[in-house]
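Order-wise, the sequence lines are chains B, A and L.
The first sequence: position 94 = 94 (our numbering), numbered continuously.
The second sequence: position 143 = 441 (our numbering), numbered continuously.
The third sequence: position 184 = 766 (our numbering), numbered continuously.
Treat the hints loosely; a few may be bogus.
[Said to hold, decoys possible] List of simulated lysine-lysine pairs, BS3-like, C-alpha gap at most 30 Å:
{"#": "1", "chain 1": "A", "residue 1": "Lys572", "chain 2": "L", "residue 2": "Lys802"}
{"#": "2", "chain 1": "L", "residue 1": "Lys823", "chain 2": "A", "residue 2": "Lys575"}
{"#": "3", "chain 1": "L", "residue 1": "Lys802", "chain 2": "L", "residue 2": "Lys823"}
{"#": "4", "chain 1": "A", "residue 1": "Lys572", "chain 2": "L", "residue 2": "Lys703"}
Keep in mind that the hints were calculated from the coordinates and are not lab data.
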Amino acid sequence: MSSQTAEHEVSPPISDWSARVATWWAIFQINFHEKLVYRGDFMLGTLMRFLPIVTQVFLWSAVFGARAAQEGDAAGETEIVGYSYHNIVAYYLLSTISRAFSSMPGLASGIALQIREGEIKKYLVQPLDLISFFLLNRMAHKVTYYIMAIIPFVIVFYLCRGFFDGWPPPEIILAFIASLIMAFMIGFFMEASIGMIGFWFLEVRSLLFVYMLFSFFLSGHMFPLDMLTALPGPWGLIVKSLPLMYLAYFPAAVFLGKIEGWELVIGLLVQLAWVVAFMVICRLAFHYGVKRYSGYGG
Amino acid sequence: MQDRPSYLLVWLTFLRNSLVRDLSFRSNFWVECIASMSWVAMNLGFYLLIFSFTNSIGEGTGWGKFEFFVFLATTLFINSLVQTFFMPNIQEFSDLIRTGRLDFALLKPIDTQFLVSFEKVNWPSMANFFFGIVLLSVSVYNLSYRSENPLVLTPWMVIGYPLFVLCGVAILYSLMIVLAASSIWLGRNQSLYDFWFYITSFSRYPMEIYRGPVGHTLQLIFTFAIPILIVVNVPARILARPLGIDQGAATQLAIFALFATAFSLLGSRWLFVKALKSYRSASS
Amino acid sequence: MKASFGTTPCCANDPTAAIIEAMEPIIQLKKLTKTYEVYQKQEGLLASVRGLWHREYKQVEAVRGIDLEVQQGEFVAFLGPNGAGKTTTLKLLSGVINPTSGTASVMGHVPWKRANAYRRKFALVMGQKNQLWWDLPAQDSFRLHQKIYRIDPAQFDRTKDELTELLGVRELLGQPVRNLSLGERMKMELIAALLHSPDVLFLDEPTIGLDVIAQHNIQKFLKRYQEQRKITVLLTSHYMKDIAALCQRVVVIAHGIVIYDGSLDGIVTRFGGYKVVSLLFADDRMPSDLARFGEILHWEPPKVKLRVERADVGKALSALLDKYEVADVSVEDPPLEQVIAEVFSLAPPESSDQKAPQHAVQGV
């Protein structure tokens, strides 16, 4: 390859970039419009997403109350695996933020469906990179979501500010933000990879369900994972060797200061490693999947 | 020739047709059965985890491990019945409105509410009903054979429990009809459907956990305005008899549940008929 | 309009015509109107944001006052452009929607009261919607119909056999509906609608999207079935062939009102205010000023086609025949499709007591 073409690849001409930005803007606008049409729906839906947390909060309040009476602790001092009652409530609230970044509703099933129905061919003939296209679409989707959801989120967190011990130090906030962004990346590339299994097996539904089940239980969506790792047996090993904990538990635990110092640095590096790993897996799956697909002659 | 169809025969045909459809996608049928059961198993795991940190849910409520598992089994019965018989219909209902296929339901010489809320049956959801039977049996066995305060089943418990389970199903059904009616007015409404899940999530725990000023407000709202709390609580209390609950108050709540059931059914019916009047039919 | 209806020759040769004429009409509409409120979505991002607080609604008058009487045994076509109010009228008649004002009676019932007694006696078939269970064989849906309409089992079997025989779909009864072709599916829909032997049948675009052969089969079936049973049928269709093959009487609806009611050929007489004059000149000497007689539709010397106002045909012909050597001449009505297209494109007519609507955009 001559140096000139190499240079050309590094910095595409401005018109190319502006065309790309225009494409992104168009994708963003479409998403935004779609949301706006059902905006009342959307705001209400976001607020209601906190409702199950209300029941969780009351459940844990009852559990902590009973435990305090059982152990003879003073009210407010009881801890479960290092979490006070306030910590648990804060954890649930923070995990909704993690989930807002890492959850990818309909991504894997959408890709699998497109493969099955042959719609993926439509994209293959277009001059765009399919994975980037899906990623952009998802980003636009998420950004629109955050714009619309910021008001309900602020309201809920303001009302619940008493459960937090003030703002954590800036470096923790930075680590939190980094872990959120990586949670998004892991969520996207992992689900996209699962969707691409559709190139090999037509029925991905059951597989997806298994994934959802494990993700719900082992991502920390349902409870702080420390409760599992504190149990005797292989639980700690299972939780720590899977990427699922980075989808919900890790960012929330970072914010709450449960992971600090070297542990935090290593955690972030491992998370990054998972991002890279899934990016590669996704690429490979797509590459060989398309090959296999066109091998069939569609 | 009679004007009214035989609703029983029509309903049996619904059951039959749905079963034929479900069995024609056999692998799907089993996947769905296993899926919903593993979901419940995971939840059960979560509660086992909780009971490793405490011996009851709420101080002095009497909702110990097996009492709570009776509660959980009750939730399973009610939810599986609702998901088998009503959920598929309500999911399809907004589709019927959007595509204008509700027209066909209106043409039939049969009650429209009956037709749109009973037509589809999702048999795989019954899997959790059987899960519930197992869980209930294990829990009642454990409660009956524990050393202190063993549970003694009385005829009233055996009759009252299924009766109030059915009341619970009827209340949830009414809530669905209210949602369906509102989707006639509001058009497509995904969040209404989510609303269902979020609201019913309040019914999943014993009502004693809602304490403090906020908790009591929630208790009042979800007992009297949207009677979600009594759906599971009333039957579960009848069978589990948690010690911390005043039996006089429990009986009052049970009587209220009967009235609430009747009122929900009638009220939702009234709303549905009213909503149908403003149905405008999708353009073809 | 009423006058032309009175002379409709639909039953003229029928010995029972006098009796039928004396009977109450089976369908009767008086000043029926239906107005919708439609949300106006604005284009553009900012406008969408503004839509958060403020929404504009527009009134759309889908039906602006329809008067109609149909006798038992008639096969009537509703003709009109998209959004003219045909489907809305059918939906009003089947009781699916309530009218804004006006009255209607079908077989003595008010449709939108949706009495069971009424709903047992009619059927509605919509070409664009299906009511059969998608994943089940049609026969399972038929059985459900039997239960809902409470059809006597022996009677049900007889009707089902007869209909499947007539439509030639016997061997398809056991196949899931999703595996059927569009035409086969339509036949199943028809059977489902006719199982309870309705006295009145509403058909909304029953042949839409079908290929010519399937269309023809459905037409043939409908014609035969209606002639045998003497049921009353109201049909809307875009295919002139459907209408020509089936209906003696045509009701043209545009902008929510009836603008014509009579025979299909009568449309030409009423709206085609001109004739098409074809001339073949004998020698090369052709007049250069033909345009003064009327618009030149076709020019291919020595042949020419002219559009001439009906009143001027005589004058034009005598002038031409007088001056030029004409080998052949013919005077014809304009083609039906042409006339109907022109009728549809007419500006919305002002009715005496109502303001003209904004465009009847509702795609009904």
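Verification of the hints:
no. : hint                 : result
1   : Lys572/A to Lys802/L : 42 Å, violated
2   : Lys823/L to Lys575/A : 37 Å, violated
3   : Lys802/L to Lys823/L : 12 Å, holds
4   : Lys572/A to Lys703/L : 25 Å, holds
The structure shown violates the earlier hints numbered 1 and 2.
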